[in-house]
Amino acid sequence: MHILIVEDDQVARDYLAKALREIGHTVDVAPDGLEGLHLASSIALDLAIVDRMLPKLDGLALVQSLRATGRKFPVLILSALGDVDDRITGLRAGGDDYLTKPYHMSELMARVDALARRGELGGAESATRLKLADLELDRMTRRVMRGGKKIELTAREFQLLEFLMRHSGQVVTRTMLLEGVWDYHFDPQTNVIDVHISRLRQAIDKDFDKPLLHTVRGAGYSLSEEE
Amino acid sequence: MDQEQRFLGVLTSSPFRIAIVYSIVFALGAVALLGAVYFAVSRVIDGSTDNLIEAEVQGLREQVLVLSRSDFIALIEQRSQDQDVRGAVYLMVDPQLRPVAGNVPTWPDIGADQGKWIQFKVAVPYGDQTRVHEVRAQRFPLPGGYRMLVGHDVQERQDVKNVMMRGLVAAVVLTMMLGLGGGIWMGRRILAHAGAISAVATQIMRGDLSQRLPVRDAEDELNTLAHEINGMLDKIEQLTLGMRTVLDSAAHDLRTPLNRLQSTAEAAMAQLDAASPERRVLERVSTEVDRMRGTLDALLRIALAETGTVAREDVDLSELVASIVELYAPVTEELGGCLQSGVATGAHIQGSRQLLAQALANLLDNAIKFTPAGGHIRVSLRNDPGGPEVIVEDDGPGIPDDKRELVLGRRVRLDEARKVPGSGLGLSLVAAVTKLHGARLVLSDAGPGLRVALKFSLA
Numbered sequence: 172m173h174i175l176i177v178e179d180d181q182v183a184r185d186y187l188a189k190a191l192r193e194i195g196h197t198v199d200v201a202p203d204g205l206e207g208l209h210l211a212s213s214i215a216l217d218l219a220i221v222d223r224m225l226p227k228l229d230g231l232a233l234v235q236s237l238r239a240t241g242r243k244f245p246v247l248i249l250s251a252l253g254d255v256d257d258r259i260t261g262l263r264a265g266g267d268d269y270l271t272k273p274y275h276m277s278e279l280m281a282r283v284d285a286l287a288r289r290g291e292l293g294g295a296e297s298a299t300r301l302k303l304a305d306l307e308l309d310r311m312t313r314r315v316m317r318g319g320k321k322i323e324l325t326a327r328e329f330q331l332l333e334f335l336m337r338h339s340g341q342v343v344t345r346t347m348l349l350e351g352v353w354d355y356h357f358d359p360q361t362n363v364i365d366v367h368i369s370r371l372r373q374a375i376d377k378d379f380d381k382p383l384l385h386t387v388r389g390a391g392y393s394l395s396e397e398e
Numbered sequence: 321m322d323q324e325q326r327f328l329g330v331l332t333s334s335p336f337r338i339a340i341v342y343s344i345v346f347a348l349g350a351v352a353l354l355g356a357v358y359f360a361v362s363r364v365i366d367g368s369t370d371n372l373i374e375a376e377v378q379g380l381r382e383q384v385l386v387l388s389r390s391d392f393i394a395l396i397e398q399r400s401q402d403q404d405v406r407g408a409v410y411l412m413v414d415p416q417l418r419p420v421a422g423n424v425p426t427w428p429d430i431g432a433d434q435g436k437w438i439q440f441k442v443a444v445p446y447g448d449q450t451r452v453h454e455v456r457a458q459r460f461p462l463p464g465g466y467r468m469l470v471g472h473d474v475q476e477r478q479d480v481k482n483v484m485m486r487g488l489v490a491a492v493v494l495t496m497m498l499g500l501g502g503g504i505w506m507g508r509r510i511l512a513h514a515g516a517i518s519a520v521a522t523q524i525m526r527g528d529l530s531q532r533l534p535v536r537d538a539e540d541e542l543n544t545l546a547h548e549i550n551g552m553l554d555k556i557e558q559l560t561l562g563m564r565t566v567l568d569s570a571a572h573d574l575r576t577p578l579n580r581l582q583s584t585a586e587a588a589m590a591q592l593d594a595a596s597p598e599r600r601v602l603e604r605v606s607t608e609v610d611r612m613r614g615t616l617d618a619l620l621r622i623a624l625a626e627t628g629t630v631a632r633e634d635v636d637l638s639e640l641v642a643s644i645v646e647l648y649a650p651v652t653e654e655l656g657g658c659l660q661s662g663v664a665t666g667a668h669i670q671g672s673r674q675l676l677a678q679a680l681a682n683l684l685d686n687a688i689k690f691t692p693a694g695g696h697i698r699v700s701l702r703n704d705p706g707g708p709e710v711i712v713e714d715d716g717p718g719i720p721d722d723k724r725e726l727v728l729g730r731r732v733r734l735d736e737a738r739k740v741p742g743s744g745l746g747l748s749l750v751a752a753v754t755k756l757h758g759a760r761l762v763l764s765d766a767g768p769g770l771r772v773a774l775k776f777s778l779a
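Quick note, the sequences are listed as chains A and B, same order.
Each position in the first sequence, counted from 1, maps to that position plus 171 in this note's numbering.
Each position in the second sequence, counted from 1, maps to that position plus 320 in this note's numbering.
Keep in mind the hints are simulated off the structure, nothing from the lab.
Only a predicted model underlies this, so the values are computations on that prediction, with no experimental measurement involved.
Check the hints yourself; a few may be wrong.
Claimed, not checked - Just the calculated beta-carbon pair ranges, DEER-fashion:
1) A/Ile194 - B/Pro720: 53 to 61 angstroms
2) B/Gly694 - A/Asn362: 17 to 25 angstroms
3) A/His196 - B/Leu592: 41 to 49 angstroms
4) A/Arg313 - B/Gly694: 12 to 20 angstroms
5) B/Pro705 - A/Lys321: 39 to 47 angstroms
6) A/Lys381 - B/Leu592: 49 to 57 angstroms
7) B/Ala642 - A/Arg313: 13 to 21 angstroms
8) B/Leu592 - A/Glu396: 50 to 58 angstroms
9) B/Met563 - A/Asp309: 47 to 55 angstroms
10) A/His196 - B/Asn550: 51 to 59 angstroms
11) B/Leu728 - A/Lys381: 30 to 38 angstroms
12) A/Arg300 - B/Ala587: 38 to 46 angstroms
Just so you know, even glycine gets a beta-carbon here, dropped at the ideal spot from N, CA and C.
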């Protein structure tokens, strides 16, 4: 993937670029908003990571002008501001995801993957039937089957599984789950998400030989066929 | 209902009351003025007729002594016909009260004990019809048992009095009606303006500091007041924006180095073997960065809530409370406890869903932390007519009476709480979020345990 990083903090920018290159992405960097806009307009990008507060041209203004000129690639906004309202203004300006500093690289990578997948899938996101190995989920009838056996889930467990299935094969962090399934943007002090996951795991993996829901140490969870 | 209330509003408005008081005063003034005129006019008219009659009586008394009866009768006849003396009334009767001369057909049937002056009614031809006129007169005896009546038609005087009385009544009614109408008009005008002002004030209290009170062209007290309040709002908005800017740059200046620290630690960790002691040190650094981030997030959110500049939206409180309960129920059960809930439906407020969710989550985090294994937590939402109330109760150790105020302050952790992890900002955030929503936060004894109530008001 071709990724553009627009970030004025050199330490963060270099580390981010290095980490993304290590997993095989092509990375361009820009230290300010104007150069960022110039690069984003002249090369074919798959994704941009844009800091919110940039010299010369503000991050939000950059995203707005990209969207105004018809650039549709996903944008992840990084912010060092207070949150709550800033997240909403960030997404309204045309950002696809919003991450507050300081972040863990694992969190950022998971979100980059999710955004990249969203770009690839295009309209497939709205498919009514989701399938992974012998696990099937029907969004219309709200039925979940595994190996031909019906699995009973609560409404929330269904949403949780749906989210994981839409991101199958990727790492999904706890904050992504809290945001994507519950629409909450804070870090609970109690491990509430872990318990929900372990209940879902009971439901979908307990009676089967091959587990599908995996814990990724230090990062989150992943629903996939591979161990 | 609404119309009725608006009408009642006009009736109780101050301009209406002032108008009513003034119209009563003006009505009383009109009564006094017209009354005085009436009194003076009556006296003048009455006095002049009475003097006229007195003089005529005196003259006739002298004439009767010098004239023969036939000459006297001729004199009376002549006077009766005299057109110069309009309204003069004469009647001379014989001892059997039969008219001898004069312009009145019959001797009035009034007893002699009525005094010097008598008043009676006489039918007077008036064009085609007859009118009954009031006559004021004196009677006196003539020689030979004859009697004489000399008087004057006072109908005109009566007419003047009647006209004035009607004028008086009309003036009072008109004054009152004008007063009432003017009062209603002014009342509605003021109420419309005051209503517009209070609608904007409500929006401002909800956090929309860009709103300004409506100002009209007219220079009245309400406008002057609105102008001054708008000036005050400019100042407040400026200060709040200033605070917000300070907050943003503080956030930026703290988050950026923390992010650098995190990046550096993670980059270094990637080079190290998982079991190496250096890596364990860096992991501790990373954990501390997380903790600092947690504290920073909480402090920034508290500060943000306190500036009151958070965007408001319609929040379905019933959905929110139910969803937070649903989020926390499994973890409570996992710890051997029990999370019960009673959530009334249809409770809506204006506010920040994210901040309210975090406040509720903090209360549940606290309840879970401080309730011994196997404890009970109960979350309820009551949808009272005055506003919804959210209550979180636990059967943990609670907070002693004298320390309940204390724990709402910044970074206060009671000795008992030092054993469990936490920043000590949880309840401060709840307090700030409660205040932001104009709600009341009440800590009390759940006997045993702590009861936290958030009472919202719909005003």
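Can you let me know if the beta-carbon spacing of B/Gly694 and A/Asn362 is within 17 to 25 angstroms? About 19 angstroms separates the Cβ atoms of B/Gly694 and A/Asn362, which means 17 to 25 angstroms holds.
Are B/Leu728 and A/Lys381 spaced within 30 to 38 angstroms by their CB atoms? violated (52 angstroms)
Cβ separation of A/His196 and B/Asn550, checked against the hinted range 51 to 59 angstroms: holds (54 angstroms)
Evaluate the given range 41 to 49 angstroms for the C-beta pair formed by A/His196 and B/Leu592. Between A/His196 and B/Leu592, where Cβ atoms are some 24 angstroms apart, the hint is violated.
49 to 57 angstroms was suggested as the range; check whether the CB atoms of A/Lys381 and B/Leu592 agree with it. Between A/Lys381 and B/Leu592, where Cβ atoms are some 34 angstroms apart, the hint is violated.
CB of A/Arg313 to CB of B/Gly694, is that within 12 to 20 angstroms? violated (35 angstroms)
Does the Cβ-Cβ separation between B/Met563 and A/Asp309 fall within 47 to 55 angstroms? holds (51 angstroms)
53 to 61 angstroms was suggested as the range; check whether the CB atoms of A/Ile194 and B/Pro720 agree with it. Between A/Ile194 and B/Pro720, where Cβ atoms are some 55 angstroms apart, the hint holds.
Does the Cβ pair B/Ala642, A/Arg313 satisfy 13 to 21 angstroms? holds (19 angstroms)
B/Leu592 versus A/Glu396 beta-carbon gap, inside 50 to 58 angstroms or not: violated (31 angstroms)
Holds or violated: the 39 to 47 angstroms window for the beta-carbon distance between B/Pro705 and A/Lys321? Given about 45 angstroms between the Cβ atoms, the range holds.
For A/Arg300 and B/Ala587, compare the CB-CB distance with the range 38 to 46 angstroms and indicate the outcome. At roughly 42 angstroms between Cβ atoms, B/Ala587 and A/Arg300 fall inside 38 to 46 angstroms, so the hint holds.
Violated hints, listed in ascending order, are 3, 4, 6, 8 and 11; each of the other numbered hints is respected by the structure.
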